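A.B. asks: Now for the letters of each chain:
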Amino acid sequence: MIRRPTLLIVLAAIATMISAAHAHHVGSYVPRDNPVSANFKQIKFSVQAGKFDVARRLFDEGALRREMQKQAPTLPPGLEASIRGALDARDARTAEAGLMIFFAALVRGLALEADRQLADATAPAAARVAGGGKMLEAIWRYYNLVDFAVSQRDPTAATAVRLAFEEAEGYVKAPTPSPERMRPPLVRIARVLAGVIEASSPSARRDS
Amino acid sequence: MTEPRWRLPPIPVLLVGVVLIACAELGGGAMAQFKLELARWARGTMLARPHVHGLVGVRDVDEQILDEALVKLDGGLRLFHLHAEGMGTIIIVTAMVAASLVDRSALRRTIVALITVGGAVYPLGYLLWSGLIPFHGIARGKRLAEWLVWIPFGSAAILAMWLLAAALAAQCIRSVAGRSRVAP
Numbered sequence: 101m102i103r104r105p106t107l108l109i110v111l112a113a114i115a116t117m118i119s120a121a122h123a124h125h126v127g128s129y130v131p132r133d134n135p136v137s138a139n140f141k142q143i144k145f146s147v148q149a150g151k152f153d154v155a156r157r158l159f160d161e162g163a164l165r166r167e168m169q170k171q172a173p174t175l176p177p178g179l180e181a182s183i184r185g186a187l188d189a190r191d192a193r194t195a196e197a198g199l200m201i202f203f204a205a206l207v208r209g210l211a212l213e214a215d216r217q218l219a220d221a222t223a224p225a226a227a228r229v230a231g232g233g234k235m236l237e238a239i240w241r242y243y244n245l246v247d248f249a250v251s252q253r254d255p256t257a258a259t260a261v262r263l264a265f266e267e268a269e270g271y272v273k274a275p276t277p278s279p280e281r282m283r284p285p286l287v288r289i290a291r292v293l294a295g296v297i298e299a300s301s302p303s304a305r306r307d308s
Numbered sequence: 686m687t688e689p690r691w692r693l694p695p696i697p698v699l700l701v702g703v704v705l706i707a708c709a710e711l712g713g714g715a716m717a718q719f720k721l722e723l724a725r726w727a728r729g730t731m732l733a734r735p736h737v738h739g740l741v742g743v744r745d746v747d748e749q750i751l752d753e754a755l756v757k758l759d760g761g762l763r764l765f766h767l768h769a770e771g772m773g774t775i776i777i778v779t780a781m782v783a784a785s786l787v788d789r790s791a792l793r794r795t796i797v798a799l800i801t802v803g804g805a806v807y808p809l810g811y812l813l814w815s816g817l818i819p820f821h822g823i824a825r826g827k828r829l830a831e832w833l834v835w836i837p838f839g840s841a842a843i844l845a846m847w848l849l850a851a852a853l854a855a856q857c858i859r860s861v862a863g864r865s866r867v868a869p
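As you go down the protein sequences, you meet chains U and V in turn. Sequence positions in the first sequence follow the working numbering and run 101 to 308. Sequence positions in the second sequence follow the working numbering and run 686 to 869.
Quick caveat, the hints were computed from the structure, so don't treat them as lab data. Source: prediction; values computed, not measured. Backbone N, C-alpha and C define an ideal beta-carbon position, used for all residues, glycine too. This list has only true hints and no planted wrong ones.
In silico BS3-like links for lysine-lysine, alpha-carbon gap of 30 Å or less:
hint	chain 1	residue 1	chain 2	residue 2
1	V	K827	V	K720
2	U	K170	U	K151
3	V	K827	U	K273
4	U	K141	U	K151
5	U	K141	V	K720
6	U	K141	U	K170
Going by beta-carbon spacing under 10 Å, a handful of chain V positions derived as facing chain U:
hint	residue
7	G739
8	E748
9	Q749
10	D752
11	R763
12	A830
Take these sequences, add in the hints, and give me the full structure.
C.D. replies: Structural data, given as structure tokens:
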């Protein structure tokens with residue numbers, strides 16, 4: 101018969117081995133910039149360094165402008181021309197505002213699409229919430245780029261977006277998936293950003 | 686004439702170690718050579734299974750999901766390359782130490798068998814994981830690789846090392862105790 105201490109040692113050894121074998125590492129993933137966000141950073145840093153000719157070239161040849169042209173129907177009219185004009189005029193503030201509007205519009209589009217997918221009752225609730233979580237990650241990746249610019253122009257809107265984002269994120273992490281509860285904060289993000297776009301768009305600036 | 690101190694492990698064990706190192710080199714080379722084709726195949730396979738990967742049909746979201754899966758797939762292949770190289774060497778060295786220094790033949794055979802089987806199959810878990818990612822996703826692929834390969838064969842390799850360490854420690858203690866009894 102096996103003695104109790106021996107048995108305990110064997111059990112402890114087996115438990116340690118399984119946990120050690122379970123603890124193998126498989127690497128970690130750090131989300132990378134996509135061509136649009138990478139191009140935005142290049143333009144932003146060039147503007148900050150006062151290299152407007154470089155910023156203009158990066159804007160003309162980069163992925164951001166191509167995406168802007170693709171998204172043209174959802175953007176305020178004259179946005180591209182306004183950014184180009186600001187870069188030519190070495191007007192960092194207006195250029196930054198134009199880029200902020202573009203990303204705010206991207207985020208607004210993502211928030212509305214997330215809301216639409218969350219409302220689709222044909223998909224399982226857990227899958228809808230998981231998809232909503234992925235959409236939130238994408239929303240944050242874009243919003244994070246212009247959060248500072250938004251908060252400088254409209255601190256209330258920036259706070260409202262961040263609070264709504266955190267609320268929606270909380271529902272993603274909740275033990276029971278409830279897609280319906282995720283929808284209001286997403287709609288709020290879209291509505292607040294629509295206001296920011298409206299207030300900062302080139303036509304609004306001309307009118308003020 | 687004195688008996689040589691170091692003994693070669695059994696030839697099949699040596700062969701397993703050498704073949705594993707060769708597979709590691711081959712895997713590393715193939716990974717670099719066919720990087721683009723592999724990425725294209727994996728991307729196509731994942732796009733054909735949107736529900737498995739949680740693709741939502743929005744480019745800004747899906748590109749990140751696909752990118753993460755491709756990075757993990759590449760990471761799995763790299764880890765296979767690294768672990769196969771390392772475990773090949775470990776099999777040869779551990780089996781040689783056991784063959785030379787462990788007195789009890791049953792224990793010696795157990796250690797050699799465990800390190801050979803465990804050490805040879807464990808790295809294949811990374812290859813399996815990489816292959817499963819496009820079909821089952823990162824997390825489910827990892828769970829499968831864990832329960833099919835990493836846990837059973839990794840445990841076998843760890844058990845072999847523990848047994849070897851314990852056997853050598855016991856022999857060391859016995860030898861010290863024997864010397865102190867002989868000493869006046």
